[in-house]
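Protein chains in written order, with the working numbering: chain L, 1 to 474; chain S, 1 to 275.
Listed next, the stretches of chain S that the computed footprint assigns to chain L, with coverage defined by at least 3 CB atoms under 8 Å from CB atoms of chain L:
hint, region
1, 85-92
2, 132-145
Okay, the calculated bits of chain S under chain L, using three or more residues with CB under 8 Å as the criterion:
hint, region
3, 98-107
4, 114-125
These are computed hints drawn from the structure, not numbers from a lab.
Glycine included, every Cβ here is placed at the ideal spot set by N, Cα and C.
Below, each chain spelled out in residue letters.
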Amino acid sequence: MSQIGVDQWVEQSDERRDRYSGWTAPARRAFDKLPTGWKLVGVLGAAAAFPLLVPQGEIRIGITVLLLAMLALGLNVVVGWAGLLDLGFVAFYGFGAYFYAIVASDQLPAHWPTWVAIPIIVAAAALLGALLSLPSRRLVGDYLAIMTLFFAQIFVELVRNFERLPFVSEDLDLTGGPNGIPGVEAWDLFGFQINSFKRHYYLLLILLVVLIAGLHNLNASRTGRAWRALREDTLAAEHMTTPVNKLKLLAFVVGAAIAGLAGSIFAAVQVGVFPNNFALPFLITIYAAVILGGSGSIAGVVLGAVAIGYIPELLRDPGKAGWLFYIGLAVMLVVTMKRWQPIAAVTIGLVVFGFVVRFVSSAIWDESIMGTANDTFISRFVDGWVLILGEQQDLITNYAFVVAIAGVLSVVVTRGWLRIATLIPTIYLAILVWENKLALQPSITRQLLFGAVLVVMMAIRPQGLLGTRRVEIT
Amino acid sequence: MSAILELSGLSKSFGGLTVIENLDLAVESTQGGQVSDVAIKQGEILSVIGPNGAGKTTLFNLISGIYRPDSGEIRMDGRSIVGRSPEEIANLGIARTFQTLRIFLNMTVKENVMAAAYGNTKTGLWQSIFRTPASRREEREISELAESKLAFFGERLMGYRWDQPAYSLSYANRRRLEIARAMATNPRLLMLDEPAAGMNPAETHEITELIGRLRDEVGYSILVIEHDMHVVEGISDRVIALDHGVKIAEGSFADVATDPQVIEAYLGYGAASKK
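Next up, chain L with everything else stripped away, as it sits in the complex (with noise of 0.2 Å):
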């Protein structure tokens, strides 16, 4: 091997990035190979295409999932760029979608066009991020974000509480309380009416579009440079001639605007507007789509928000809830085991160990207790191979349940031939409670598959899916 300088060895160092590794190889290289100009078209063409080729219920997840990267955008500002730790970020979603309810519907005898009302809201939204950007100058971090979560809480208490304002007219009834506002109009753009799925998706395609163009121009100029310098070290920044209170007020001004016309397109969706819609788990989902795609990266965050929006979606079908399900034990076993001998080890076990349990308890027990399996595909595959429990079916998967995690955990501290055969029981009892228990509840199992596969994902790749690794102190 000849000899190279640093200086050659660090400039080779794309290239060398470009021998790609691993069975994913051709296609990775193929991806770079691209023009980023046809990735974009790509990527466009089949979001426009989506509503076209899904049923007409599919298209309400598409709208969820733009909504929910629209707002992770937002939030990306503020969070990803700037460094400001906003909590307060889903009370800006509301307001925009309150602040069309209630000029939108008969809460008020005036109804406002939509022209109107969207850039007011728009721009109403950005003054109260202007106001929330207050404590911000003298607040970082954790108590900033106390700070802004006592806004998020605020906002909820107050559509809930104060249907009446107070010294205004006693019938005028603002916020509807705890039952919400129904019946918003749609937006109606000069007699267009944005009143179908279809068109409600095109729309936020259009303005999710704009906006990432207008953010990414954003990002590159001198205002993205200062906000970075900011995250990175505020009073270096201000040392290097940046007005970090104004910046400050910048990023929750655009996030807030962002939030705001998000909300207003929410509310025309939804049809109507509900306190519990802006309540803190949705600030978490938001946060999530942020994170797992990248915080700081526009096409990761994107990606974030489909991931956070689809999956849920994705696992409400057992069936498809099933394939994640043991992909995930096969992937997790790949991962564990690396060599092919212990992995085949554990999969020829695992299926002896199958036939053999059910032997012995078909010799023990009536076969009456045997109940039938799932009408999933998997299912029916693993039938007559796990047991599938009738009577005493809570009982004895609860058991299987307390002795796969006790199985996970030694599965944890031992190695060898001993972690293998530890492996075959714990992976039985982990199918047996799932074709037992979990398959069966999926709106349980949705939320535990849903973390499980963040967990991994964040394991994986701590910096989010498109994200860059960031070094705090080297």
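With the hints as your guide, set chain S onto chain L.
This is chain S only, laid out in the frame that chain L set:
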């Protein structure tokens, strides 16, 4: 020559501890003229020395606006800058580096320098969003400014390094980058807080030359804190020595280095007489 920076009767204490006491100081510079204009007469290099805890960094923090003095006056070009924010002071033309490096680690090398041009540029939010021709022109200017500042350090911060994250730089290069970043604010007074700290002898020698070039070629007035007496000897037009916040000596390096009070401050009571 007239004073670009003047401190008079400056005091600062934290709780009961007086860190700076009744300090007078002036940094000389030629008045008027553009800093970028190499033809103007040079400013001066004033070194601040003193043992640990003497108040050197506090002095920098007072000048750059992190702290507000308890009493006394800080004047730049004869105008008081007491009570102004660090950002305003930086815009007036005082740039600094930090003893503990504070570069923007997760930004690229070039971005680090470009970020310091914020105060001298004016593209607004909407212009940035729509990428107007004016904004693109200004962006090009910022880019060229950054490149010219980085070029000041020879090949070390050039080429492929521009697009690398700053955390990938070596310690010495980070120090250079911090100076380049300070230069991009277009200052007239440069305050360097221990620029040679943690450097090996060759790098220290290089930094000494570099500080001289900053004065001779660019024309900055420079206030520098340094512990390495070779550097101080090599660069200083004038030296002041602090101990417990009090100025104990002022003058040429030779005068200050042999001052009994200074030797006492560094080596303890009686050290001067034994010599």
